[in-house]
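**Q** Given chain A, work out where chain B should sit, using these hints.
One-letter residues, chain by chain:
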Amino acid sequence: MALLHFRKPDNALEDGGRDGLPVQEDALEPELTCPECRHSTPVSRLQSRYMVCSCGYHFRMNARERIRMIVDRGTFQEMFSDVAGDDPLKFPGYPEKLETARAASGENEAVICGTGTIGKMPCAFFFMEPGFMMGSMGTAVGERITRTFELARERNLPVVGFTVSGGARMQEGLLSLMQMAKVSGAVRRHSDAGLLYIAVLTDPTTGGVTASFAMQADITLCEPGATVGFAGKRIVEQATGKKLPKNFQKAESVEEEGFIDRIVPRQQLKPVLTQLLAMHCTGGERT
Amino acid sequence: MNRTVSGAYAKVEAARNSARPTGIDYISNVFSSFIELHGDRRGGDDPSLVGGLAYLERQPVTVLAIEKGHTAKQRQARSFGSVHPEGYRKALRLMRQAQKFHRPVICLVDTAGAGCGLADEQHGIGQAIAENLTELAGLSVPVISILISEGGSGGALALALTDEVWMLKGAYYSVISPEGCAQILWKDPARTSEAAACLHLTADDALKLKVADRIISETDLGKKPFYDNLRGSLASELERLGKDPELTEKRYARFRRFGDFAADDGAF
Numbered sequence: 101m102a103l104l105h106f107r108k109p110d111n112a113l114e115d116g117g118r119d120g121l122p123v124q125e126d127a128l129e130p131e132l133t134c135p136e137c138r139h140s141t142p143v144s145r146l147q148s149r150y151m152v153c154s155c156g157y158h159f160r161m162n163a164r165e166r167i168r169m170i171v172d173r174g175t176f177q178e179m180f181s182d183v184a185g186d187d188p189l190k191f192p193g194y195p196e197k198l199e200t201a202r203a204a205s206g207e208n209e210a211v212i213c214g215t216g217t218i219g220k221m222p223c224a225f226f227f228m229e230p231g232f233m234m235g236s237m238g239t240a241v242g243e244r245i246t247r248t249f250e251l252a253r254e255r256n257l258p259v260v261g262f263t264v265s266g267g268a269r270m271q272e273g274l275l276s277l278m279q280m281a282k283v284s285g286a287v288r289r290h291s292d293a294g295l296l297y298i299a300v301l302t303d304p305t306t307g308g309v310t311a312s313f314a315m316q317a318d319i320t321l322c323e324p325g326a327t328v329g330f331a332g333k334r335i336v337e338q339a340t341g342k343k344l345p346k347n348f349q350k351a352e353s354v355e356e357e358g359f360i361d362r363i364v365p366r367q368q369l370k371p372v373l374t375q376l377l378a379m380h381c382t383g384g385e386r387t
Numbered sequence: 013m014n015r016t017v018s019g020a021y022a023k024v025e026a027a028r029n030s031a032r033p034t035g036i037d038y039i040s041n042v043f044s045s046f047i048e049l050h051g052d053r054r055g056g057d058d059p060s061l062v063g064g065l066a067y068l069e070r071q072p073v074t075v076l077a078i079e080k081g082h083t084a085k086q087r088q089a090r091s092f093g094s095v096h097p098e099g100y101r102k103a104l105r106l107m108r109q110a111q112k113f114h115r116p117v118i119c120l121v122d123t124a125g126a127g128c129g130l131a132d133e134q135h136g137i138g139q140a141i142a143e144n145l146t147e148l149a150g151l152s153v154p155v156i157s158i159l160i161s162e163g164g165s166g167g168a169l170a171l172a173l174t175d176e177v178w179m180l181k182g183a184y185y186s187v188i189s190p191e192g193c194a195q196i197l198w199k200d201p202a203r204t205s206e207a208a209a210c211l212h213l214t215a216d217d218a219l220k221l222k223v224a225d226r227i228i229s230e231t232d233l234g235k236k237p238f239y240d241n242l243r244g245s246l247a248s249e250l251e252r253l254g255k256d257p258e259l260t261e262k263r264y265a266r267f268r269r270f271g272d273f274a275a276d277d278g279a280f
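If you read the sequences in order, they're chains A and B. Every position in the first sequence, counted from 1, becomes a number in my numbering once 100 is added. Every position in the second sequence, counted from 1, becomes a number in my numbering once 12 is added.
Here chain A stands alone, though its shape is the one from the complex:
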């Protein structure tokens, strides 16, 4: 675990070309209140333990923070960042929404893709971004993830993908729906080449992303407490006409129901991924 300390980015690429946020140490430092235990913790302290509250609650994490947590230091090469959504259907209010999302997240789309290593083993990666329209999947997101699987297939790389998404992006209409088909095709071709795909589902993974690449991995990991489901809670409540069980669509019940392989606390994600990847390395023997 000693290798996994949170650290500042050491190249501009890893940080998306933005200046790192200065860590404030004074009394005015912003705090986050845990929705589970109501305890408030300074952000810098949370960052030093992967945004996990002392009670075990996992705060949402942006894609850049995840890259720093998961990918070996200095190895991440971002790709396909020039692929960005426009407004193919001229949907009212969508260009403004994109602009707001870009300003708020500092990213130009809802997923960051690239290559790098985990425990020195080369991988292709995608990291969805909750700060960008809650990871909603439009044509650009679908295209970036498709290219990631295609590139991984060409280079014989495993894919490690982190999902967080409210589902398909309705402002791109049918073209968003088609991304589910497009990515599924790319996943299938990557799989047919005998290559490994590990998905890590994080809070929330729902809608069209659940109904496609989140549920198509060889190994599906999930963070504790994450919401994982297809239909929104309110819709299910309406359809059922009853109050839903407390753990509805929570990782713990989805694991019981048999749809994820393993719940992995964030602090253990990198060691678990490292072990799983090593077990699939050529030769595959323990050294």
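Think of the hints as simulated: they come from the structure by calculation, not from any bench. Heads up, some of the hints might be wrong.
SDA-like cross-link-like pairs, simulated, lysine to any residue; straight-line CA separation at most 20 Å [unchecked claim]:
(1) A:Lys190 <-> B:Asp216
(2) A:Lys346 <-> B:Gly129
(3) A:Lys333 <-> B:Gly192
(4) A:Lys197 <-> B:Gln195
(5) B:Lys220 <-> A:Asp292
(6) A:Lys343 <-> B:Gln134
(7) B:Lys220 <-> A:Asp187
(8) A:Lys197 <-> B:Arg203
(9) B:Lys262 <-> A:Phe191
(10) A:Lys197 <-> B:Lys262
(11) B:Lys199 <-> A:Glu337
(12) A:Lys190 <-> B:Asp272
(13) A:Lys190 <-> B:Gly51
(14) B:Lys222 <-> A:Asp186
(15) A:Lys197 <-> B:Gly192
(16) A:Lys190 <-> B:Gln88
(17) B:Lys199 <-> A:Lys342
(18) A:Lys333 <-> B:Lys222
(19) A:Lys342 <-> B:Gln88
(20) B:Lys199 <-> A:Ile335
Have a look at the derived ranges for each label pair, beta carbon to beta carbon [stated by the list, open to error]:
(21) A:Pro142 <-> B:Ile196: 31 to 37 Å
(22) B:His114 <-> A:Ala293: 42 to 48 Å
(23) B:Asp216 <-> A:Glu165: 23 to 29 Å
A short, non-exhaustive set of chain A residues, derived as facing chain B with CB atoms under 8 Å [to be verified]:
(24) Met179
(25) Val183
(26) Leu189
(27) Ala240
(28) Leu274
(29) Gln279
(30) Ala281
(31) Ser284
(32) Gly285
(33) Asp292
(34) Gly294
(35) Ser312
(36) Ala331
Quick caveat: nothing in here was measured; it's all calculated off a predicted structure. Think of the CB as a built atom: it goes at the ideal place given N, C-alpha and C, for glycine as much as any other residue.
**A** What follows is chain B alone, placed relative to chain A:
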């Protein structure tokens, strides 16, 4: 503008009319000697997805049809065409069977959306759709999908990652219902028809976006000449697809082009 707005939503409402022919009507009139095969072999059988074998002219095919029913009683029994995980897994089993016996697959799609009850979530509705998508992507037999009325999001796509996607003139295909879209985006049910127009969900829109390959005229809908025409179209298309040794590759390319930022072919 107002005419367009009411136009798209009027089409959605018309597509929902329970008098329109449903999956079983097509099975009885387009195909012959249909023999229904039940069950997902994992513990369930979903009546909202009817699957089995039939002849299309002289060719044995696998038919997978979402069935909504016409009467209130039938619709209740068929979950209003909202397919459960068990239904998608029955379809999955029959697709694999079709692959084994080199049999083409014809899908008839008519759903407002996949099942959204508590049991659907607990039985992995998302996973069931996801698995159908990777299965369809890898089939080497011809697969044609016809959206006969409602094409509701992932629940429809789970039977429509196919070589050819046809839509009836009066069908719609959408990433979300216009009601859901108006509610989520604007929190205003009064803007439902505006949402319908913005979503570009009519058959004509889908054709323009190349999401659909062909529009089926509704002249004589539900009558013998209509079904005869459709049978003829399917038979000649299957003959064409059956000769193509690169079906799987071409199916990938068909869906690959949506939002292919490198191609810049002016598709949208």
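**Q** Are the hints correct? Go through all of them and say.
**A** Going down the list of hints, with the structure as the test:
1. A:Lys190 <-> B:Asp216: holds (17 Å)
2. A:Lys346 <-> B:Gly129: Roughly 15 Å between the alpha carbons, so the hint for Lys346 of chain A and Gly129 of chain B holds.
3. A:Lys333 <-> B:Gly192: holds (13 Å)
4. A:Lys197 <-> B:Gln195: holds (17 Å)
5. B:Lys220 <-> A:Asp292: violated (33 Å)
6. A:Lys343 <-> B:Gln134: holds (15 Å)
7. B:Lys220 <-> A:Asp187: Distance of about 16 Å is within 20 Å: holds.
8. A:Lys197 <-> B:Arg203: holds (19 Å)
9. B:Lys262 <-> A:Phe191: violated (30 Å)
10. A:Lys197 <-> B:Lys262: violated (35 Å)
11. B:Lys199 <-> A:Glu337: Given that 20 Å is the threshold and the Cα spacing comes to 18 Å, the pair holds.
12. A:Lys190 <-> B:Asp272: holds (18 Å)
13. A:Lys190 <-> B:Gly51: violated (44 Å)
14. B:Lys222 <-> A:Asp186: holds (18 Å)
15. A:Lys197 <-> B:Gly192: Holds - the C-alpha atoms of Gly192 of chain B and Lys197 of chain A are around 18 Å apart, at most 20 Å.
16. A:Lys190 <-> B:Gln88: violated (38 Å)
17. B:Lys199 <-> A:Lys342: Given that 20 Å is the threshold and the Cα spacing comes to 23 Å, the pair is violated.
18. A:Lys333 <-> B:Lys222: violated (33 Å)
19. A:Lys342 <-> B:Gln88: holds (19 Å)
20. B:Lys199 <-> A:Ile335: holds (14 Å)
21. A:Pro142 <-> B:Ile196: 31 to 37 Å: holds (35 Å)
22. B:His114 <-> A:Ala293: 42 to 48 Å: 24 Å Cβ-Cβ, so the 42 to 48 Å window is violated.
23. B:Asp216 <-> A:Glu165: 23 to 29 Å: violated (45 Å)
24. Met179: violated (13 Å)
25. Val183: holds (5 Å)
26. Leu189: The hint holds - Leu189 of chain A has a Cβ within 8 Å of chain B, the shortest such distance being about 5 Å.
27. Ala240: holds (7 Å)
28. Leu274: Holds - the Cβ of Leu274 of chain A comes within 8 Å of chain B, reaching about 5 Å at its closest.
29. Gln279: holds (7 Å)
30. Ala281: Result: holds, 4 Å to nearest chain B Cβ.
31. Ser284: At 4 Å from the nearest chain B Cβ, Ser284 of chain A passes the 8 Å test, so the hint holds.
32. Gly285: Cβ of Gly285 of chain A sits 4 Å from chain B, so the hint holds.
33. Asp292: Holds, because the Cβ-Cβ distance from Asp292 of chain A to chain B comes to roughly 7 Å (cut-off 8 Å).
34. Gly294: It is violated, given that the least Cβ distance between Gly294 of chain A and chain B is near 14 Å, above 8 Å.
35. Ser312: Result: holds, 5 Å to nearest chain B Cβ.
36. Ala331: holds (4 Å)
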